[in-house]
Each structure stands twice: as structure tokens, then as C-alpha cells.
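Student: Residue-level listing of the chains:
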Amino acid sequence: MSGNEVILQMKDISKSFPGVQALSGVSYELQKGEVHALMGENGAGKSTLMKILTGAYKEDTGEIIFDGAPFMKRDERTTLSAGIAMIHQELSFVPYLTIAENLFLGREIMKSGVLDKRRMNELAGEWLKNLGVDLDPKRKMNSLMVSEQQMVEITKAVSYNAKIIIMDEPTSAITDREVEKLFGTIRDLKAKGVAIVYISHKMDEILQISDRVTVFRDGELISTNDAKDITMDQIVIDMVGRELTEVYPEKEHNLGEEMLRVEGLKREGVFNDISFTVHRGEVVGFAGLMGSGRTETMRCIYGLDKLDAGKIFIQGKEVAIKHPRDAIKYGIGLVNEDRKGVGLLLPLSVKHNLTLSNLDKYFKSPIIQRAKENELAERMIKELRIKTPSRNQLVNNLSGGNQQKVVLGKILLDESDILIMDEPTRGIDIGAKSEIYHMINDLAKSGKAVIVVSSEMPEIVGLADKVIVMHEGAIKGEITDPNEIQQEKIMEFAIAQ
Amino acid sequence: MEELTKKNMAGDIFRKFGIVIALAILFIVFSAITNAFFTPANLLTILVQTSINILLAIATTFIVLTGGIDLSSGSVLAIAGVVFAMFAKEVDGVPEYPVVVPVVMGILVGLLFGLFNGVIVAKAKVAPFIVTLGTMTIARGAALLLADGRPVSGMAQGFKDFAGKSPLGLPNIVIVMIIMAVIFTFILTKTKFGRYVYAIGGNEEAARASGIATSNIKLVVYTMAGAIIGLAGVLQACRINVGQPNVGQGYEMNAISAVVIGGTSLSGGVGSMWGTLIGAFIIGILNNGLDMLGVSSYWQQVVSGAIIIGAVMMDRTNKK
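Those protein sequences? They're chains Y and A, same order as listed. The first sequence maps to residues 103 to 599 in my numbering. The second sequence maps to residues 4 to 323 in my numbering.
Next comes chain Y alone, as it looks inside the complex (with noise of 0.2 Å):
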């Protein structure tokens, strides 16, 4: 590290949107060649913080000194060229276009007034080597896997001499092996005297990667420590203001009959044979790798996507699902992992988006009742503690957690019996993971016959009875022994040749 010198300082920084006071008062401080990580509760604050910085946002009041000098006028653009760049966790490129093209947008070297294209494939193809990414940089962005994409948004920050690198959870699309290369290209640039503040909700990487953590709650920064000095339960605490006792929950689950069989279900070319059943009372977890095919094989059972081949029974009878219109009325229901894609309507409110799925049960005529709509939502804004001024605000407004508690609240309203949860605690913080853990929990003490898919094995051996490991399309293992689930075990099938 070079010396403790401080690159940029943020002073008493204070911003409100209407209804929220999103930060007061926060003194922050970035020192040359650290990684800092921000930790908190998603709506604590961190990201209003560094959309300030970064001039998406203007304070309304306080100070920012950046690399020995007031840094008041801001926005996007001007702030890149000072030398501050953000990693989006949704990553942002023009898709059809090459890594070259995308590393010299807006700032395009010109011969003669046209595109000097050989030029600018030569110095992008040096960036990438110089970060140590084996790219060619004529291809185009979206033929790249996520990690890779992400390595070359890091390999522009860089290419624009940055000396604040803001990377919002760079891990939640990318694999174990990928997350090691990426922590290598994280030290190359701190031995640079790069400044890299690291938001993320993962725990163990926080305290692998970073020098020091800044844990942030309700707007307010509440510490800052030497990463070696602290421990989890220290920052739990601290980002949720309270011990939190259990994170999972006690499993004690009776198992019923069988709920849903599935036998050799196939999709060309991305999941090939696919068997398994779900009991009443039953969590089975659904592990792998991201892109082995568990997402796919969910959403053809829910009818988002067709089937090639394969049967689906329903408590032993066989059935037909075309269209997700199919799956509701046979008692299945989906968390989609894409919340704002697939799971949720963004412009529309809690209430509507809570009904949505289920207007035809619960309304006979085509006219909706508001009195008895407006009961269904408060009954479930109140029963998942969903947190929001009234059921007529935006889901958009929502923060994650809440949000993917509104997409619960549906298929509670829908009263499915089978409940498909495909990654159902992604990019929401601990707090309201726990809380979706015993809510999962219950369900299947309900009876409810629960299958979760989950990148984060942890979730996996916290919550299931019987885990199914998927490697490449395929089951590569099944655990039914409840003692043999673990890590170790999981691992060894879903990266089994």
C-alpha cells in the first residue's frame, strides 16, 4: 500500500428522496491503493453514496474533496475522465458491438475522419493483456460470458487511468474459479494504488479481498474497520443494528405424498433427461454451477419455455403445461431469479403486482373488486412484512429484499401448493434472506412441496432435505441422506467431468 494517502474524501454528505432521508450526514474516506468495502442492508444507503460520487446523483448537502481538490460540478461522464469509474452490478455495454468498440466508445481514435479501427483493436487488445485477459478484442460483446464482459468493464475503468474503481457486486454472476481471477486482477490494481470500493453481501469475500470495511445502516455510516480486526458476526450486527440468532431455520419437515414427478424432460441442447419428485412437506434444492441448465428446467416446468421431450405429473396424473396459465391452475408457482424481468411489474403497484396471477381466483366476474382487492394486499403486505408506505406505492420503489417479497406474496395469494424459488434470495441482504429462509421453511411445514434453486451453497445445505446437483444439462448427482448434505459433497458433482 502507498502510504495511507487519502485519494478522495466525502464530507457530511446528506441526500433525500421524497418520503426517504437516504443518507445523513456520512463522512467517508478512500485512501490510494485499498480495497474498501461498503457493507449494509440493501436501502442502508451505499449505493446513494457512490451514485453521488460518481454524480447520478446530486447531494443536497455536503463536500467531496477528490484527489487533493473540491470535486463539486459532477456527472457521469466528467467524472470518468477524473479518473472514477463504476462497475454496475447490471453490467452496461452495447451488446452488438466489439470489446474494442466498447472500449473506445465515445472517445473513438479517428484517421483522416473515419474509424481508425485497426488502431483501437491493437491498444484494446494491449489493455486486455496488460489486465491479463485472454480476449481477442474484434469479438463482440455478447458472444462473452458475464465474467468476461465484466473483465473487460474493469479493463475500461482501468483504460481511463482510474483511480477509484467502484465495483457493486461483482461476484452475484460469475463462478467460483471466475471470482478467483477477478480477486487477482482486484490486488494487480491495488499494487497500483488503484482505490477499489467493493460493495457486496457476500460475507467471506468481503473479509478475503478487503483492506477496510464501512458498514452502513439507515442512511447513516455506522463503522469503519481494519478488515483483519473484524469479525462476521461483528459486521452482522452492525448492518442489521441487532444479533441475528438464526439465519436458517430449524428444518423439521414431514414428508408427505408425491407432489410433482418429472421423467426425462429434455430441451434441445441445454438440458437433456432431467428426473426428480418433490414431495408435500419436502425442500429439495437445486444445486450447480450457473448455466447447468436449472433455471432452463424450471422454466419449461412452469411453461415459460417449451419442452422437447419428457412427462409432468401432478400427484401421480400426468399433465400438459403450454403456457404458465397451465402451471398456476395445476398449484405450481415460480420465483423467477430474474425479479425485475420475469418476476415482477415494475410500473405497477404492490397491490396489482400481489394480484396479479390470481384475479381469476379470486374474481369470479370480470369486475375486480377493490374492497376485497385491496384486503388480499394488506393481508400479504402484513404477513411478509413488506415494507412500504401503502399498497398503491411502485414496486420500482421498493428495495430488493421487499420487492422479491412481493413476488412471494404472489404465489401465497395464488395458494400453490408446489412453489418453484430459482435463486429466491439473490441481491437482497441478510436481514431479509433470513427472513425468506423461514418463510421457505414454513411453507414446507405447511405442506407445500418447495424446490430451491440456489448458486449459493450454503442456502442449499441450510435449507434442503434432498439436493439435486446439475452440471452441463444434466443431474450429475442426487444427496437424499440429510447428513451427507454438504458443501464438499455438493461441489464434487457440480464440477464433476
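DSS-like cross-link-like pairs, simulated, lysine-lysine; straight-line CA separation at most 25 Å: (1) Y/K153 - Y/K442; (2) Y/K408 - A/K126; (3) A/K128 - Y/K442; (4) Y/K424 - A/K128; (5) Y/K153 - Y/K265; (6) A/K195 - Y/K474; (7) Y/K330 - Y/K283; (8) Y/K292 - Y/K304; (9) A/K193 - Y/K474; (10) Y/K304 - Y/K330; (11) Y/K463 - A/K193; (12) A/K193 - Y/K466; (13) A/K195 - Y/K463; (14) Y/K240 - Y/K283; (15) A/K126 - Y/K431; (16) Y/K353 - Y/K304; (17) Y/K368 - Y/K568; (18) Y/K578 - Y/K408; (19) Y/K424 - A/K195; (20) A/K195 - Y/K466; (21) A/K195 - Y/K431; (22) A/K193 - Y/K431; (23) Y/K442 - A/K195; (24) A/K128 - Y/K408; (25) Y/K424 - A/K126.
In case anyone wonders, no lab produced these hints; they're calculated from the structure. Small disclaimer: the values here were computed from a predicted structure and weren't measured.
Starting from the structure of chain Y, add chain A where the hints point.
Tutor: For chain A alone, kept in the frame of chain Y given last:
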């Protein structure tokens, strides 16, 4: 915190009532600077002139809420009017067909064009802009062919009288418009179907995952819109006493303008029928008021365009 809520409420009020305020301002300004504007006769004229646009705008609101667009409404209105007029002829002072036949034929033509749009948009998944751009030309061409390029005249006297008569104090055409507005506002806000329309525009994939038969709903929306436009065509023909194949050019733009000024998002999922009605009246009052002031129709076009852009910009800044 309380202060924040207050600020928020002020914003909400402006968001909700911004266009009502705009409408009120227009109304007051025109009343103040011209004598002819604020008279019962002129207000009635505005109502009549706006009625046809409101019908098209009601249809367009449904389509835009699903995330679509309809460029064909003006042309479909024309062909519906032509077909209506062909069946509404008088032979030796006696109507050739019973009253219902021409009316039903007019509406049916609109419905079929709507169905055509709907099938191609919902089932063949072609972008609504392209489909309705095509239909716009097809319907216009067909109208001219059917009418042989000339207005279809000889309409039965009863129809000629219908549009102008006002047995209930308001002209029939206005009464029909009000009934339609009430019915379709109800459908949009109180029924499952209306909810699904919003849902499809809000996020079609999520709507499908919620078990909604998205393509069927879209098909119904376009077909229903076609029928409403067909009715508008019938009323328009009654009003001008002929089936004019050239009528309605640019009407689709007026309808879309009303929808957009009314705050409905062109990407779908957000908007209201209430807003559309206000939007239509803003356009109507603006045109009428500028007429009263003797502003040339060329300038009126310039002003109307600027108003549309201004309204959408205002909507944008409000959302930020």
C-alpha cells in the same frame, strides 16, 4: 420527514393534475382574450369537434397501454365511413336497408381491420408500428377503391339528421362519445381485462409468467379498438353527410397526441383514460381558440406540435 412528505404531495398533485391545470389555463386565457370563445354555442362546437378524436383516442389508449401504437385509425375511420355510407343510401326516398345494417357494417369493417392488426401484432409478433403503418395505407387505398375516389353520397335523411340533433340538450354524437368514454373507462379501471392491459405494457414477460394469455389479450385490444374506430367512422360520415374516402388524414396523430399529452407512456403500462380525455380537450380547445384568434392553420400546426413535445417533457421532468 413530514416536510418531505409535503413536498412529495405537492409533486404528486402536480403530476396528477398538471394537465388539468394546463387545460384550465388554456380555457381561462381564451375566454379572456376572445369574446367568441366562452359562449354556449362555441363550447358545444368544441365538444362536437372533439368527440371523434376522443373515440379514436379511447381506442388508441388501450393499444398504447399494451406498449403498442396505432397509426391506422384515421384510415380505418375513413373506410368504415365509406362502407357505412354505401349501405346507408336512400332509394326513392326510402332507406335501402334497415337502420342497423349500415351501422353494423361500418363498425364491422373497423373491427376486421383491428382484428387484422391484432393477429399480426399478437400472433406473428410484428412490431405494431410497422403493422399499423401498413394497415394505414391499405385501409386508405381500399376506401378510395370502394368509393371510386369520390365521396359516397345519397345518405338517408335520418342519418344526416342524427349527428346534428340534440334531443337531450347535447348533440347525439356527443352523447355517444360520453357513453363510450364511461364504458371504456370502466373496462380499463375496474375489470381484469383492463388490469391485464396495463400488465402487458408494464412487462409482457412477467405478465405471461403470471398466467395471463398475453397474445389473446392483445388480439382483443386491437379488435376492440378497431370496432371503436369503426363507430367513429360511422359518426363522422353522419356528420359530413357523405362517406368521404379522404377523411381522417392525420386523425391518428391527433389521437396519439391526446394519449401522450394525457400522460400515457408510449412504452406502455402507465397512463389513464382520464388523462386521454383531458389531452383530447387540450387539443380541441387549442385549435378552436386559435381559430377564434384568427391564427392561421399553419401556425396552429406549429403550436400543436410544440405542445405535444412540451407535455411529454413536463411528464419526464416530473418523473425524475
